[in-house]
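Assemble chain B onto chain A, guided by the hints.
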Amino acid sequence: MTDHTIYLDNAATTAVAKEVVQEMLPYFETCWGNPSSLYELGQRAHAALSDARERIAAHLGARAQDIYFTSCGTESNNWAIKETMFAYRDKGRHFITSSTEHHATAHSALWLEKHGYEVSYLEVDSDGLIDPEAFRRALRPDTTLASLIYGNNEIGTIQPIKELAAIAHEAGVLFHTDAVQVVGHLPVDVEELGVDFLSASGHKFNAPKGVGFLYIRRGIKTKSFLDGGAQERKRRAGTENVPYIMGMARALDLSIQQLAQRREHAVALRDHLIQRVLDEVPHSRLNGHPTLRLPGNVNISFEFVEGESLLLMLEQKGVLASSGSACASGSLDPSHVLLAIGLPHEIAHGSLRMTIGHETTREDIDYTVEAIKEVVAQLRAMSPLYEDYLLGRKAVSAIKS
Amino acid sequence: MAYSEKVMEHFSNPRNMGEIEDASGVGTVGNAQCGDIMRVYLDIDEDGIVRDVKFKTFGCAAAVATSSMATELVKGKSINDALKVTNKAVCEALDGLPPVKVHCSLLAEEAIHAALWDYAEKNGIAIEGLEKPKSDIHEGEEEEDY
Numbered sequence: 001m002t003d004h005t006i007y008l009d010n011a012a013t014t015a016v017a018k019e020v021v022q023e024m025l026p027y028f029e030t031c032w033g034n035p036s037s038l039y040e041l042g043q044r045a046h047a048a049l050s051d052a053r054e055r056i057a058a059h060l061g062a063r064a065q066d067i068y069f070t071s072c073g074t075e076s077n078n079w080a081i082k083e084t085m086f087a088y089r090d091k092g093r094h095f096i097t098s099s100t101e102h103h104a105t106a107h108s109a110l111w112l113e114k115h116g117y118e119v120s121y122l123e124v125d126s127d128g129l130i131d132p133e134a135f136r137r138a139l140r141p142d143t144t145l146a147s148l149i150y151g152n153n154e155i156g157t158i159q160p161i162k163e164l165a166a167i168a169h170e171a172g173v174l175f176h177t178d179a180v181q182v183v184g185h186l187p188v189d190v191e192e193l194g195v196d197f198l199s200a201s202g203h204k205f206n207a208p209k210g211v212g213f214l215y216i217r218r219g220i221k222t223k224s225f226l227d228g229g230a231q232e233r234k235r236r237a238g239t240e241n242v243p244y245i246m247g248m249a250r251a252l253d254l255s256i257q258q259l260a261q262r263r264e265h266a267v268a269l270r271d272h273l274i275q276r277v278l279d280e281v282p283h284s285r286l287n288g289h290p291t292l293r294l295p296g297n298v299n300i301s302f303e304f305v306e307g308e309s310l311l312l313m314l315e316q317k318g319v320l321a322s323s324g325s326a327c328a329s330g331s332l333d334p335s336h337v338l339l340a341i342g343l344p345h346e347i348a349h350g351s352l353r354m355t356i357g358h359e360t361t362r363e364d365i366d367y368t369v370e371a372i373k374e375v376v377a378q379l380r381a382m383s384p385l386y387e388d389y390l391l392g393r394k395a396v397s398a399i400k401s
Numbered sequence: 001m002a003y004s005e006k007v008m009e010h011f012s013n014p015r016n017m018g019e020i021e022d023a024s025g026v027g028t029v030g031n032a033q034c035g036d037i038m039r040v041y042l043d044i045d046e047d048g049i050v051r052d053v054k055f056k057t058f059g060c061a062a063a064v065a066t067s068s069m070a071t072e073l074v075k076g077k078s079i080n081d082a083l084k085v086t087n088k089a090v091c092e093a094l095d096g097l098p099p100v101k102v103h104c105s106l107l108a109e110e111a112i113h114a115a116l117w118d119y120a121e122k123n124g125i126a127i128e129g130l131e132k133p134k135s136d137i138h139e140g141e142e143e144e145d146y
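Residue numbers (this note's numbering), protein chains in the order written: chain A, 1 to 401; chain B, 1 to 146.
Bear in mind the hints are in silico, worked out from the structure with no lab data behind them.
Please note: incorrect hints may appear among the correct ones.
To be verified - Quick list of simulated restraints, FRET-style, between CB atoms:
id	chain 1	residue 1	chain 2	residue 2	range
1	B	Glu92	A	Lys162	55 to 61 angstroms
2	B	Gly18	A	Arg362	35 to 41 angstroms
3	A	Ser37	B	Glu92	35 to 41 angstroms
4	B	Gly124	A	Glu113	55 to 61 angstroms
5	A	Leu391	B	Glu5	34 to 40 angstroms
Said to hold, decoys possible - The calculated lysine-lysine pairs, modelled on DSS-like cross-linking and capped at a C-alpha distance of 30 angstroms, are:
id	chain 1	residue 1	chain 2	residue 2
6	B	Lys88	B	Lys134
7	B	Lys77	B	Lys132
8	B	Lys132	B	Lys84
9	B	Lys88	A	Lys373
10	A	Lys317	B	Lys6
11	B	Lys6	B	Lys75
Just so we're clear, the structure is a prediction, and the values are computed from it rather than from any experiment.
By construction, the Cβ of each residue, glycine as well, lies at the ideal position given by its N, Cα and C atoms.
Isolated chain A (complex conformation) (with noise of 0.2 angstroms):
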């Protein structure tokens, strides 16, 4: 073990800013009425929310009116898309998604698809992009919503989100974005981009885990994801989590004013992780687009190793990441995502994700560099996989060296 401990898994969580948690702390010690309560101590909360409505839709070109506060990202995925098929059920049960959404999306497309709805699934290229031609052809009269995901949250591929949504709309039909690995990351303008619905998640842009949101632009059926008050104009009841949110409304704050330095600075150590990676492993490859990407999303996989061991023995080294190896998800098949660009599944296996937060030096992507050659290296001598191949029992090595 070490005391040296270098977090490279921001797409996972985040850390909550001091900033936030000063932002929070009087609506649990002082301000804490409900919302929905008409005296001074309810309406001061009430006030307080209404502020954090109007920050986080100026931040997205958005009307107050058309953010709604959710639990998470995946609450918010599951409302856009379950309770917009539902309402528009009489226009038609076609939904159309991506091979490579977030489990939130695509578990919500199995969901439709027992309850009676049909799904149609895009492919995407070996970078993980959508042909956007592709998507028009899967348009059909009966599509009602289409949802596709804006920055990918294993392989960091960026879909052209606005050519997207306007292929939608030229056949009338609705669009989604799950937004929640870009807000706070990329600049997002919800009237520049076109979609009717966005989902955004605070823990991935340094609030609180438990607070996220949707966007639905003004005029668009859904239905309530969950039934009781009036809270958030009567289409998502349960009183609102007042702190949370006022932590959320300051994190984005925070986000959106250093967004252009931090875009900068994850953009610079991500292309020297990935240079310094690939030209120093043999037998690695980048997974995903290599420029439309996430500022901080490397997804990396290594042949011959298992990505559960590759993560252990980094994390020994004090190096934190995540991988899309099926033994690190606890599933028996590695990430849809990684099969869904082509890559078999021995060497989606192997694949490390490590994403780079505002806090990361170049001393940590130069140390972590290092602590993947030792890892990879060990992991690759006790590898029968590598010994074949150094043998020659294997023919071709899937991956240049």
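Relative to the frame of chain A, chain B by itself:
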């Protein structure tokens, strides 16, 4: 999912990792699709005692730890006693495995059996109670096109 300290200890410091040149028997089980491959090398002397044993494993921490423990358990044993090292014994010696990882210990047992089977075949003998391992991978057959 949490591993026992013993599993992490064997994963971090695997015993008997490596290969044996001109081994008496070599067995490889599992497949890369599922993410686990184990290869066991046995050095068996004329008295039928496992003098040395080595392994190589592609897989998760549980796969490495079960390989390490299984090789420890068969080292120095007679063929018949080595055959009696079950996946249950491997699991217990490691203070248990998470339920989703129990298959790794089965693979370790099979890898030992596959190596013993190879030894028996090379020497034209039959080992009582040893069946041909199901997931044995024969050299050269595992080539995949991609």
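Exercise for review: State the violated hints by number, sorted upward, taking the hints as numbered earlier in the document.
Suggested key: Failing hints, ascending: 3, 9.
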